[in-house]
Amino acid sequence: MAHKKPKLAVWKFSSCDGCQLSLLGCEDELLDVAEQVEFAYFLEATRAKVSGPYDISLVEGSITTAEEEERIHQVRKQSKVLITIGACATAGGIQALKNFADVDEFISAVYAHPEYIKTLSKSTAIADHVPVDLELRGCPINKVQLLEVLGATLVGRKPNVPNHSQCMECKMSGQVCVMVAKGQACLGPVTQAGCGTICPTFDRGCYGCFGPKELSNTSALAARLGELGLDSKQRSDLFRTFNAAAEPFAKESVKHD
Amino acid sequence: MNTKNTQQNAAIVIGAAQLDDLVKVLRKDGYATIAPTTRDGSIVLEEISSAAQLPLGLVDDQQPGAYRLSKAKKPAYFDFTHGAQSWKQFLFPAKEKLWSAHKTAEGFQVEASIDAPKYAFIGVRACELAAIRIQDKVFVEGEHVSNGYAQRRKQALIVAVNCRRAGGTCFCTSMDTGPKVKDGYDLALSELTRKGVHEFLLEAGSASGQTILKRLTGRPAAAADFKAAQKASDKAAQSMGREMPKGAAKTLANHLQHPRWQDIAKRCLDCANCTLVCPTCFCSTTSDSTSLDGQNAERWRTWDSCFTLDFSYIHGGAIRRDGAERYRQWMTHKLTHWHDQFGVSGCVGCGRCITWCPVGIDITAEVRAIAKDK
Ligand code: SF4
Ligand code: SF4
Ligand code: SF4
Ligand code: SF4
Numbered sequence: 001m002a003h004k005k006p007k008l009a010v011w012k013f014s015s016c017d018g019c020q021l022s023l024l025g026c027e028d029e030l031l032d033v034a035e036q037v038e039f040a041y042f043l044e045a046t047r048a049k050v051s052g053p054y055d056i057s058l059v060e061g062s063i064t065t066a067e068e069e070e071r072i073h074q075v076r077k078q079s080k081v082l083i084t085i086g087a088c089a090t091a092g093g094i095q096a097l098k099n100f101a102d103v104d105e106f107i108s109a110v111y112a113h114p115e116y117i118k119t120l121s122k123s124t125a126i127a128d129h130v131p132v133d134l135e136l137r138g139c140p141i142n143k144v145q146l147l148e149v150l151g152a153t154l155v156g157r158k159p160n161v162p163n164h165s166q167c168m169e170c171k172m173s174g175q176v177c178v179m180v181a182k183g184q185a186c187l188g189p190v191t192q193a194g195c196g197t198i199c200p201t202f203d204r205g206c207y208g209c210f211g212p213k214e215l216s217n218t219s220a221l222a223a224r225l226g227e228l229g230l231d232s233k234q235r236s237d238l239f240r241t242f243n244a245a246a247e248p249f250a251k252e253s254v255k256h257d
Numbered sequence: 001m002n003t004k005n006t007q008q009n010a011a012i013v014i015g016a017a018q019l020d021d022l023v024k025v026l027r028k029d030g031y032a033t034i035a036p037t038t039r040d041g042s043i044v045l046e047e048i049s050s051a052a053q054l055p056l057g058l059v060d061d062q063q064p065g066a067y068r069l070s071k072a073k074k075p076a077y078f079d080f081t082h083g084a085q086s087w088k089q090f091l092f093p094a095k096e097k098l099w100s101a102h103k104t105a106e107g108f109q110v111e112a113s114i115d116a117p118k119y120a121f122i123g124v125r126a127c128e129l130a131a132i133r134i135q136d137k138v139f140v141e142g143e144h145v146s147n148g149y150a151q152r153r154k155q156a157l158i159v160a161v162n163c164r165r166a167g168g169t170c171f172c173t174s175m176d177t178g179p180k181v182k183d184g185y186d187l188a189l190s191e192l193t194r195k196g197v198h199e200f201l202l203e204a205g206s207a208s209g210q211t212i213l214k215r216l217t218g219r220p221a222a223a224a225d226f227k228a229a230q231k232a233s234d235k236a237a238q239s240m241g242r243e244m245p246k247g248a249a250k251t252l253a254n255h256l257q258h259p260r261w262q263d264i265a266k267r268c269l270d271c272a273n274c275t276l277v278c279p280t281c282f283c284s285t286t287s288d289s290t291s292l293d294g295q296n297a298e299r300w301r302t303w304d305s306c307f308t309l310d311f312s313y314i315h316g317g318a319i320r321r322d323g324a325e326r327y328r329q330w331m332t333h334k335l336t337h338w339h340d341q342f343g344v345s346g347c348v349g350c351g352r353c354i355t356w357c358p359v360g361i362d363i364t365a366e367v368r369a370i371a372k373d374k
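Chains as they are written, first to last, in the working numbering: chain A, 1 to 257; chain B, 1 to 374.
Hints are computed from structural coordinates only; laboratory data are not their basis. Treat the hints loosely; a few may be bogus.
Simulated coverage check for chain A against chain B, where a stretch passes if three residues somewhere in it have a Cβ under 8 Å from a Cβ of chain B [stated by the list, open to error]:
no.: 1; segment: 157-164
no.: 2; segment: 181-191
These stretches of chain A come out as covered by chain B in the derived footprint (C-beta under 8 Å, 3 or more residues) [to be verified]:
no.: 3; segment: 94-102
no.: 4; segment: 220-226
no.: 5; segment: 239-251
Pair by pair, the computed Cβ-Cβ distance ranges are [as the list claims (entries may be wrong)]:
no.: 6; chain 1: B; residue 1: S239; chain 2: A; residue 2: T201; range: 30 to 38 Å
no.: 7; chain 1: B; residue 1: K103; chain 2: A; residue 2: L21; range: 44 to 52 Å
no.: 8; chain 1: A; residue 1: D128; chain 2: B; residue 2: D310; range: 19 to 27 Å
no.: 9; chain 1: A; residue 1: E27; chain 2: B; residue 2: A105; range: 30 to 38 Å
no.: 10; chain 1: B; residue 1: A253; chain 2: A; residue 2: L24; range: 54 to 62 Å
Where is the CB? At the ideal position from N, CA and C, for every residue including glycine.
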């Protein structure tokens, strides 16, 4: 039975392209994906542009300009399912560091001609602007999770993307806890799993790339980090990276400013 | 699988160097020999092919939220207690494929999947044996048998070891599970270091243990050897780092609305480490995956924990939304409801949940705090 392939679009807002590249990075599976969907709009992969509406839209990047604020509504209108991918799209990304500072000061420090720069004072997540069907966390996203979400969406089942702690992944993979066995600072207990336990495997604490897990008791963890020897600035810095503007992390970092 | 221990256990004394003969004999019989070894600053359980891979001369310092290994004064093989891992990860693995299915012209075909290697566990502690017995109740002796667990368990050979020192978070004495193994093993080792002589008292606890013992060379065990082993065991019993207050089951049942639950919630991260390191926790979830083309599907069982939001999801939402409810679920299940459900405590006193809790929440201290208010 010949049926029309669902149309997939990949949209970019303020971001580094790393998450879109995760899709291209699915080397072994990319052909399988291409057999199931039509890449209708994916500038990283093809110049061809097929017009909307689209069955699945993957949205990368945060909203940092007035133009983007406008454009995301257009994307939403043309998309049946809208999935945000990566820390920028789900939490504002590293560029949300500006949310904690004076943007004009940044602009005049960085650019030779500050007058050419037009930007919003805050970097915000896509879900702050339009309804989002599913958020895929990470900086960058994990390709296994991306394939899982695409596969699940195509057959119409619920994707398996747990929102439990990174610690659970450590324990399930047999990784020795770097916080307990070495006294290293780790955000794993308050971070959503998904990366594949990269940092603890390389003998480092988790940096929180996948953002806060559900019920993220950051103040209890911050107190423990203090006992492990981190001063206020170090604690604030730890919570203020790729998911700096995610609410539990933002609130915690401000406490230690 | 082991049968009940009898009075006339065969016992010999082997030199420490002959521990490797035991490993060799087990491997010759086709067992995957799993034993403690070290990785990333901790004792972990992995397959070994020689006794040289056992951690010689190490002890552990275990405190709430902290674990360190250091050099021991005596070069013994088993004077550390245990790391975060337990034998649970082999009998009840973190991830297990239950079945796979693929589309056919007529519909679809399902294939069951069981992965059951033949394990020999070397260095099983008394508390861990008690934990295995508890999981037997859950997975084999109940109404619904887990086929994978049952098969792995049936094939497994257990070489227990009697603890000579207890860890800083151990409290098996107050749970009546250790430090000396009573039954349920095939072979039991008691390490003896006397006047520079390093030996093991090796006792058989089952017919298969006896057969293996006969293939090893040693001298007959004398009364002095049993005495020395008992003395070491008594020393361990006296060095427990912790104690579970008496009547914990009742204490908790009577205080389900105690303010302490909220106090714990302020400290608890809901990270689930305690449940996953606990050798008796048995909760799991199942999830289905499909191939991109929709031709193949698989069902997997993975560890789960009462500390996750999804765990208590029923129609309309999750019922245990805050940390106090989740911690109370874990602690009352372990110490109170387990008795109703399985006729034993769900805690064997190994102390893992205390050591491996990133913020060092101590189950014994929490019971004590709640017990204080009558
Ligand atoms: S290393 Fe970090 S993420 Fe892993 S178990 Fe320890 S605290 Fe949790
Ligand atoms: S509740 Fe804690 S001390 Fe008791 S058996 Fe489980 S991990 Fe060990
Ligand atoms: S304490 Fe929690 S994870 Fe452990 S067996 Fe009970 S409900 Fe399951
Ligand atoms: S008691 Fe400790 S290990 Fe258990 S969920 Fe709370 S913080 Fe995590």
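Earlier hints that do not hold, by number: Those not satisfied are hints 3, 5, 7.
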